[in-house]
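The primary structure of each chain is shown beneath.
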Amino acid sequence: MNPFSYERARDAADALRIIGAEGAKYLGGGTNLVDLMRETVEKPTKLVDVTALSQSITETPDGGLLIGAAARNTAVAEHLIVRTRYPVLARAILAGASAQIRNMATVGGNLLQRTRCTYFYDDDGSRCNKRQPGQGCDAIEGFNRMHAILGASPACVATHPSDMCVALAALDAIVHLRDRDRERTLPLTEFHQLPGEHPEVETSLRPGELVTAIELRPFRFSRRSVYRKVRDRASYAFALVSVAAAMEIDDGTVKDIRLALGGVAAKPWRAFTAEAALKGKPATEESFRAAADAELAAARPLRHNAFKVELATRVITAVLKELTEAKA
Amino acid sequence: MQFNINGKRVDLDVDPRTSLLDLLRDHLRLHGSKKGCNQGACGACTVLADGERILSCLALAVQYQEREIVTVEGLGGKSGLHPLQQAFIDCDGFQCGYCTPGQICSAIGMMHEIGRGVPSHVSQDLAAKEISLSHDELRERMSGNLCRCGAYNGIVEAITETYAGAAK
Chain S
2 MNPFSYERAR DAADALRIIG AEGAKYLGGG TNLVDLMRET VEKPTKLVDV TALSQSITET
62 PDGGLLIGAA ARNTAVAEHL IVRTRYPVLA RAILAGASAQ IRNMATVGGN LLQRTRCTYF
122 YDDDGSRCNK RQPGQGCDAI EGFNRMHAIL GASPACVATH PSDMCVALAA LDAIVHLRDR
182 DRERTLPLTE FHQLPGEHPE VETSLRPGEL VTAIELRPFR FSRRSVYRKV RDRASYAFAL
242 VSVAAAMEID DGTVKDIRLA LGGVAAKPWR AFTAEAALKG KPATEESFRA AADAELAAAR
302 PLRHNAFKVE LATRVITAVL KELTEAKA
Chain H
4 MQFNINGKRV DLDVDPRTSL LDLLRDHLRL HGSKKGCNQG ACGACTVLAD GERILSCLAL
64 AVQYQEREIV TVEGLGGKSG LHPLQQAFID CDGFQCGYCT PGQICSAIGM MHEIGRGVPS
124 HVSQDLAAKE ISLSHDELRE RMSGNLCRCG AYNGIVEAIT ETYAGAAK
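Chains as they are written, first to last, in my numbering: chain S, 2 to 329; chain H, 4 to 171.
Treat the hints with care, as some may be off.
[To be verified] To give an idea of the interface, some chain H residues facing chain S are shown, with a C-beta separation under 8 Å as derived from the structure:
no., residue
1, Val65
2, Glu143
3, Ser146
Honestly, the hints are just simulated from the structure, not real lab data.
The beta carbon of each residue, even a glycine, is placed where N, CA and C say it ideally should be.
Looking at chain S on its own, in the form it has when it is part of the complex (with noise of 0.2 Å):
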C-alpha cells in the first residue's frame, strides 16, 4: 500500500474544504478501498473519512426516505420502512457480500464500488484500459464469464458488482450530490457510466463532489417488489445475474412496471426496453418471456458469458411470475 495521509471529515461541508488536492479520495466504510490500495490499484495520497457524515434515514415529505450516504448497509436493510414499503432495497442489500462486511460498507461506497473483473485488480499483470487507460483489456480474450453483456464497449467489459444499485435502479432512486459551490440530484440510473471509450470514468460525479444522500420516491407498488440473485453459491458470491423487479397489476394486465438487471453491465440495468414491452399486455408468461427477449436483444455475449442472455431472460420470466402469483 502506498503512503496517504489521512482526514477525517465533521460534515459535508467540512469534507468538502479539506478533499482538495487531486489524489485524495472519500472514505467510508473501506472494504473496497482499503482492499484496492492493498493491491496498489488505487493509489490515493490522502484519504478524507466521510463516516462522520450524515448516516440518518429519514421520511421525506412527500411519502418518500432520504437515507444519508454514510448509512450502513445493513441499517439500510433492518429499517422498517426499506423492509415493509421497499422489499426489494432490502432483499438485494441482504443478497450482498457478508454481515461483516454489511456492517462496515456505507451506501455512499456502495455506489462507488469499483469492478471485481480479476485484470482490473492485477496490477502487476494483466492490462486494463480502466486501470491503465489506453493500454488494452486481457478480459475481452480472456476469462470472461462474470463480465458484461450489455452495454460493453471494445475498451471494457467488466460489470458494476453492486446488488443494492439494482434495487436502487429499478425504484427510481435519486442521487443527492454537492461540490463547493452548488448541490444537485441525479436519477440513480444516470449516475453511473457505460464504459465506451473511457472505462476510467464510471459516474457523472465531478471532480471532488460527494455522494450526500439517497432519495426513495414514494410510488403505489414499490410494496410489491422482488429481488433475486443467481450466483455460484448460495451465500456470499457476486451475481451471474440478479434482477429486481416491482409490478403492477390490474384485472390480468401489467399496468406499470420496474425491472432492473444485475451482473450485465457496467451499470445497474434498468430494462427500459422490456418495460415498455410490457405495459398494458396481458401478465402472463409469454408477455414476461417476450418483453426478457426484447431487452437481451441487444446482449453482445463474449466468449464464457453466452449464458448470461438465456439466464437473465429466465430469471426475469420467473421473477414476474412470482410478482404474479404473489398477487392472487
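Following the hints, complete the assembly by docking chain H onto the known chain S.
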C-alpha cells in the same frame, strides 16, 4: 492515537496504512484474530466494534479510534471461557482452529443482529419481529466465515446449543 481494545485504553501512534488486524496482532500482540485472506473473503479476522461484527483486515485502524473493539481475547470472564468458546470445544466446532476466533466473534455479533430483528437473505418474512435460529438462518448469517477444515456441523451445533431459546 487512542484505541479501546478489550476494555483497555491503548495509546499508540501507527501509520495510517495499518489495518485494525495488524494493529491487534503486530502492535498489541493479540494474536487471536487471524489473517486468513487479508482481503475480506474468509472472516478469520472478525472482531466486534461497538458490538457489531466487522472484518479487521479491511478496517484501517485510524478509523476505529473511538470504537470499543473486542477480540476473542476479550470474551472470557474471570471465571474462564465464554459459553460459546466452551460449546465450540464440546461440539468439535474446529479442527485446526485457525478460523475459530473469527467464527466465535462473528456468532456473537450475529446474535446481536438477530436480537435487533435484522432479517437475512433467507428470512421468509422481512418484517418479522422474531427470527428463528434455524439451520438455514444460521448458515446464511455465518456465510462470511469460512472453515477450510469443514467443521461447519460442529460450528452450527455449538452456536445452536449456546443460543437455543435466545431467539425464536
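Status of each hint after checking the structure:
no., hint, result
1, Val65, "5 Å, holds"
2, Glu143, "5 Å, holds"
3, Ser146, "4 Å, holds"
Comparing the model with each numbered hint stated earlier shows that all of them hold.
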